[in-house]
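Undergrad: Spelled out from the first residue to the last, the chains are:
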Amino acid sequence: MSTNDAYYIPNKAVWPVVGTGGLVILFAGFANYLNGNAIGGWFMLLGLAVFIVMLAAWFTMQANESEAGQYNHGVGISYRMGMMWFIYSEIMFFAVFFGTLWYTRNLSVPWLAGVGDGPGRSSAMLWEGFKDVWPTNGPGNVGGEFEEMGAFGLPFLNTLLLLSSGVTCTWAHHGLLAKNRDQLIKGLIATVTLGFLFVGFQAIEYYEAYHEMGLTLGSGVYGSTFFMLTGFHGFHVCVGAIMLSVVLFRSWKGHFTPENHFAFEGAAWYWHFVDVVWLGLFIFVYIL
Amino acid sequence: MSAVTAEHDHHDHGPAKGLLRWVVTTNHKDIGTLYLVFSLAMFFVGGTMALIIRSELFEPGMQFVNPQFFNSMTTMHALVMVFGAVMPAFVGLANWMIPMMIGAPDMALPRMNNMSFWMLVAGILLLASTFFMEGGAPAAGWTMYPPLVLQTGNALPFAIFSVHLLGISSIMGAINIIATIFNMRAPAMSLMKMPLFVWTWLITAFLLVAIMPVFAGAVTMLLTDRFFDTSFFDAAGGGDPVLYQHIFWFFGHPEVYVMILPTFGVASQIIPVFARKPLFGYSSMVFATAAIAFLSFIVWAHHMFTVGMPMAGELYFMYATMLIAIPTGVKIFNWTATMWKGAMTFEAPMLFSIAFVVLFTMGGFTGLMMALAPLDFQYHDTYFIVAHFHYTLVPASVFMIMAAGYFWLPKWTGNMYDEKLAKLHFWLSAISVNILFFPQHFLGLAGMPRRIPDYAVQFADWNMISSIGAFIYGPSQLIFVYIVYKTIKGGTGEKVTDEVWEGAKEHSLEWTLPSPAPYHTFSTPPKEVPTLSTSRS
Numbered sequence: 569m570s571t572n573d574a575y576y577i578p579n580k581a582v583w584p585v586v587g588t589g590g591l592v593i594l595f596a597g598f599a600n601y602l603n604g605n606a607i608g609g610w611f612m613l614l615g616l617a618v619f620i621v622m623l624a625a626w627f628t629m630q631a632n633e634s635e636a637g638q639y640n641h642g643v644g645i646s647y648r649m650g651m652m653w654f655i656y657s658e659i660m661f662f663a664v665f666f667g668t669l670w671y672t673r674n675l676s677v678p679w680l681a682g683v684g685d686g687p688g689r690s691s692a693m694l695w696e697g698f699k700d701v702w703p704t705n706g707p708g709n710v711g712g713e714f715e716e717m718g719a720f721g722l723p724f725l726n727t728l729l730l731l732s733s734g735v736t737c738t739w740a741h742h743g744l745l746a747k748n749r750d751q752l753i754k755g756l757i758a759t760v761t762l763g764f765l766f767v768g769f770q771a772i773e774y775y776e777a778y779h780e781m782g783l784t785l786g787s788g789v790y791g792s793t794f795f796m797l798t799g800f801h802g803f804h805v806c807v808g809a810i811m812l813s814v815v816l817f818r819s820w821k822g823h824f825t826p827e828n829h830f831a832f833e834g835a836a837w838y839w840h841f842v843d844v845v846w847l848g849l850f851i852f853v854y855i856l
Numbered sequence: 016m017s018a019v020t021a022e023h024d025h026h027d028h029g030p031a032k033g034l035l036r037w038v039v040t041t042n043h044k045d046i047g048t049l050y051l052v053f054s055l056a057m058f059f060v061g062g063t064m065a066l067i068i069r070s071e072l073f074e075p076g077m078q079f080v081n082p083q084f085f086n087s088m089t090t091m092h093a094l095v096m097v098f099g100a101v102m103p104a105f106v107g108l109a110n111w112m113i114p115m116m117i118g119a120p121d122m123a124l125p126r127m128n129n130m131s132f133w134m135l136v137a138g139i140l141l142l143a144s145t146f147f148m149e150g151g152a153p154a155a156g157w158t159m160y161p162p163l164v165l166q167t168g169n170a171l172p173f174a175i176f177s178v179h180l181l182g183i184s185s186i187m188g189a190i191n192i193i194a195t196i197f198n199m200r201a202p203a204m205s206l207m208k209m210p211l212f213v214w215t216w217l218i219t220a221f222l223l224v225a226i227m228p229v230f231a232g233a234v235t236m237l238l239t240d241r242f243f244d245t246s247f248f249d250a251a252g253g254g255d256p257v258l259y260q261h262i263f264w265f266f267g268h269p270e271v272y273v274m275i276l277p278t279f280g281v282a283s284q285i286i287p288v289f290a291r292k293p294l295f296g297y298s299s300m301v302f303a304t305a306a307i308a309f310l311s312f313i314v315w316a317h318h319m320f321t322v323g324m325p326m327a328g329e330l331y332f333m334y335a336t337m338l339i340a341i342p343t344g345v346k347i348f349n350w351t352a353t354m355w356k357g358a359m360t361f362e363a364p365m366l367f368s369i370a371f372v373v374l375f376t377m378g379g380f381t382g383l384m385m386a387l388a389p390l391d392f393q394y395h396d397t398y399f400i401v402a403h404f405h406y407t408l409v410p411a412s413v414f415m416i417m418a419a420g421y422f423w424l425p426k427w428t429g430n431m432y433d434e435k436l437a438k439l440h441f442w443l444s445a446i447s448v449n450i451l452f453f454p455q456h457f458l459g460l461a462g463m464p465r466r467i468p469d470y471a472v473q474f475a476d477w478n479m480i481s482s483i484g485a486f487i488y489g490p491s492q493l494i495f496v497y498i499v500y501k502t503i504k505g506g507t508g509e510k511v512t513d514e515v516w517e518g519a520k521e522h523s524l525e526w527t528l529p530s531p532a533p534y535h536t537f538s539t540p541p542k543e544v545p546t547l548s549t550s551r552s
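Protein sequence lines correspond, in order, to chains A and B. Quick note on the numbering used here: the first sequence kicks off at 569 and runs consecutively. Quick note on the numbering used here: the second sequence kicks off at 16 and runs consecutively.
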């Protein structure tokens with residue numbers, strides 16, 4: 569039946585199924601690898617390759633359809649809603665690890681040190697002499713001695729980098745709205761560069777933590793929360809920077825108009841989300 | 016697939032040929048059917064596991080399976096029923112019905128819709144594969160509490176990644192539903208004219224987007240605790256296994272409402288039609304649903320009363336939990352008031368709905384009993400809790416899924432189902448479900464713990480009765496499969512009208528469409544929609 573009317577109906581597509589297949593191979597491979605089967609690692613790579621091909625193909629298809637003018641205003645709204653609620657789900661994902669940090673610092677570590685103990689002093693019996701201090705690797709001194717990661721070295725520099733990248737991203741958006749292609753592309757190049765610089769500095773920070781400070785993922789609950797929070801954030805910075813690179817490529821190809829640029833907006837929202845999460849990390853993980 | 020130049024704009028919007036149709040489809044009805052068929056299959060897979068459990072518990076002593084396998088059965092039964100049967104069944108209903116109810120041609124994000132379904136299949140396959148692994152399938156309970164769950168064999172990473180896939184699937188499905196409801200409604204369909212099924216699903220979708228990432232985070236920490244030396248749930252490193260329980264139930268309590276809110280929605284569609292009256296208190300139904308959803312986020316630790324929380328925590332979670340009885344009571348009252356003085360008839364969907372109202376109320380009351388922290392110390396981890404949540408899931412969620420099947424099958428297929436057989440199915444189910452679960456209250460109060468393959472002889476009688484109920488309930492569900500199959504193949508031969516049920520047009524838009532409904536529902540938005548709120552505004 570004809571759909572030449574108010575509603576847009578997309579064509580069928582094989583990429584959702586391909587992507588699912590890729591993800592399953594990736595996960596099954598990873599699980600096998602964790603269980604000690606070396607071949608799992610190869611399946612991981614295969615699954616990842618399939619997944620990347622899927623992403624490239626699916627997004628190319630979407631970009632072509634968009635450039636062919638197939639999407640009406642309503643489709644744009646649906647996409648924006650989808651992105652918004654996806655970011656919301658990501659916020660909830662990070663909330664778990666922030667919550668874990670809060671619980672550990674305010675409840676589990678004090679409790680292990682005997683705060684709130686009744687007359688029986690159960691903690692003294694189990695973990696004698698354990699003090700409620702932060703950072704800690706627990707009463708078992710799990711992972712051995714370590715140094716705390718300070719806030720005002722690389723992390724502070726990274727904060728400045730990421731905040732500036734938020735500014736350049738918005739500057740690029742203004743360029744797009746004003747049909748100033750030069751400003752759009754320069755702004756995006758700056759944003760992507762700052763993003764990857766951030767990741768590079770974080771890699772140096774991790775290297776120092778592991779090789780000079782004795783701070784690892786296994787350094788008790790401090791190491792666990794530190795690397796889990798900053799690690800997942802770093803991963804999201806990578807994803808955001810890749811998204812913005814694609815947007816940069818499309819801008820360079822001449823896509824996007826002031827009215828129709830969902831891809832730019834979606835990536836920019838994601839970038840600001842990553843930015844805000846970092847501010848939370850800088851305050852709660854590094855400073856406090 | 017990649018032919019997307021402008022001149023191909025309007026090609027092939029009908030179904031693809033052959034089996035490929037089901038693989039690449041972006042159509043909400045196709046995807047809805049896939050979800051429903053898959054969930055029905057999983058219902059029998061999970062049901063078989065339940066029958067294995069009930070066989071072993073038929074008599075005291077060890078009969079058929081070893082304890083490890085028994086524990087795998089309880090764990091996998093729960094995971095398969097929750098993530099494979101009940102949730103997908105409601106997503107299937109949402110796919111079929113929401114576009115038809117709000118006057119839309121399809122879901123807002125149809126390709127993601129397809130991916131959401133296949134991710135579900137992938138997740139369940141990954142979970143099922145654990146049966147064939149060293150150490151067996153997960154056996155630490157569906158809640159996967161550490162440190163016990165960390166002793167799982169090779170299955171652990173597979174179970175965790177399965178949860179990730181199921182989570183991605185649910186989040187995509189939920190985002191799609193939110194975008195559809197907010198963006199695809201016919202212009203005349205204001206929010207307070209939406210049928211209750213749409214409302215309950217909108218609120219459920221918000222729950223899903225908020226909680227599935229939380230579950231993903233929790234199991235990710237299990238993974239790193241086991242394989243990457245972290246100490247999140249290990250006291251020696253400064254962590255706390257109870258932290259996992261907090262995070263899990265922050266997900267888990269809204270999760271059980273994910274399974275009950277759409278149930279409420281289906282009941283709110285069916286009861287007015289067969290009572291031939293508008294739904295009583297439409298707007299209070301909407302607000303009660305929202306209130307239940309909000310409360311679900313602030314009551315999680317009532318699952319953990321015996322874990323050793325500070326007294327202030329016990330009291331807070333007790334009172335907060337009891338609050339839920341208020342909006343739930345509003346709903347029960349409204350359904351009853353809808354039936355009051357109605358010109359009622361008792362076709363299968365209505366029979367199931369009435370059974371739901373009565374039996375769910377009972378499940379609600381036992382919930383209230385367990386909300387009382389001091390009493391919960393007695394009930395905790397006994398068969399009383401098993402009886403409670405099965406009353407809220409089987410004669411509530413499962414009954415209403417099947418009621419929805421009877422209610423909408425004529426609209427979907429254009430054929431009428433066999434009412435006589437459906438009534439037989441109802442009476443067998445309604446009676447046997449009580450034989451199955453009611454005695455479990457007594458077992459729990461007497462102190463029989465859950466998740467054990469053997470028990471003291473004093474529990475023998477009620478266990479045997481419960482198992483007999485199970486062996487009536489399980490096989491009688493095959494009648495449903497037969498009825499559905501027969502209806503698809505032509506049913507009673509009687510062609511149904513567009514309205515199907517007398518006066519149904521006044522309640523919701525799907526009854527204004529032809530039966531069976533066209534492949535794409537509304538190609539242009541409908542001009543008029545039914546008014547459901549009875550208040551003058």
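One should not assume that every hint holds.
[As the list claims (entries may be wrong)] If the Cβ cut is set under 10 angstroms, some of the chain A residues that face chain B in the computed set are:
{"id": "1", "residue": "Trp583"}
{"id": "2", "residue": "Phe595"}
{"id": "3", "residue": "Phe598"}
{"id": "4", "residue": "Met649"}
{"id": "5", "residue": "Met652"}
{"id": "6", "residue": "Ser657"}
{"id": "7", "residue": "Thr668"}
{"id": "8", "residue": "Ile753"}
{"id": "9", "residue": "Lys754"}
{"id": "10", "residue": "Ala758"}
{"id": "11", "residue": "Thr761"}
{"id": "12", "residue": "Ser813"}
{"id": "13", "residue": "Phe817"}
{"id": "14", "residue": "Trp820"}
{"id": "15", "residue": "His823"}
Worth flagging that the hints you see were computed from the coordinates, not collected in a lab. Note that the Cβ used here is the ideal one computed from N, Cα and C, for glycine as well.
Undergrad: All hints, please: hold or fail.
TA: A quick look at each hint next to the structure:
1. Trp583: holds, 7 angstroms
2. Phe595: This hint holds: Phe595 (chain A) lies near chain B, its Cβ roughly 4 angstroms from the closest one there, short of 10 angstroms.
3. Phe598: holds, 7 angstroms
4. Met649: holds, 4 angstroms
5. Met652: Interface hint status for Met652 (chain A): holds (9 angstroms vs cutoff 10 angstroms).
6. Ser657: Nearest chain B Cβ about 5 angstroms off; hint holds.
7. Thr668: Holds, about 6 angstroms.
8. Ile753: At about 26 angstroms, which exceeds the 10 angstroms cut-off, the nearest Cβ of chain B leaves the hint on Ile753 (chain A) violated.
9. Lys754: violated, 31 angstroms
10. Ala758: Violated: closest Cβ of chain B sits about 31 angstroms from Ala758 (chain A), beyond 10 angstroms.
11. Thr761: violated, 30 angstroms
12. Ser813: violated, 23 angstroms
13. Phe817: Phe817 (chain A) check fails; min Cβ-Cβ to chain B is 19 angstroms, beyond 10 angstroms.
14. Trp820: violated, 21 angstroms
15. His823: Interface hint status for His823 (chain A): violated (15 angstroms vs cutoff 10 angstroms).
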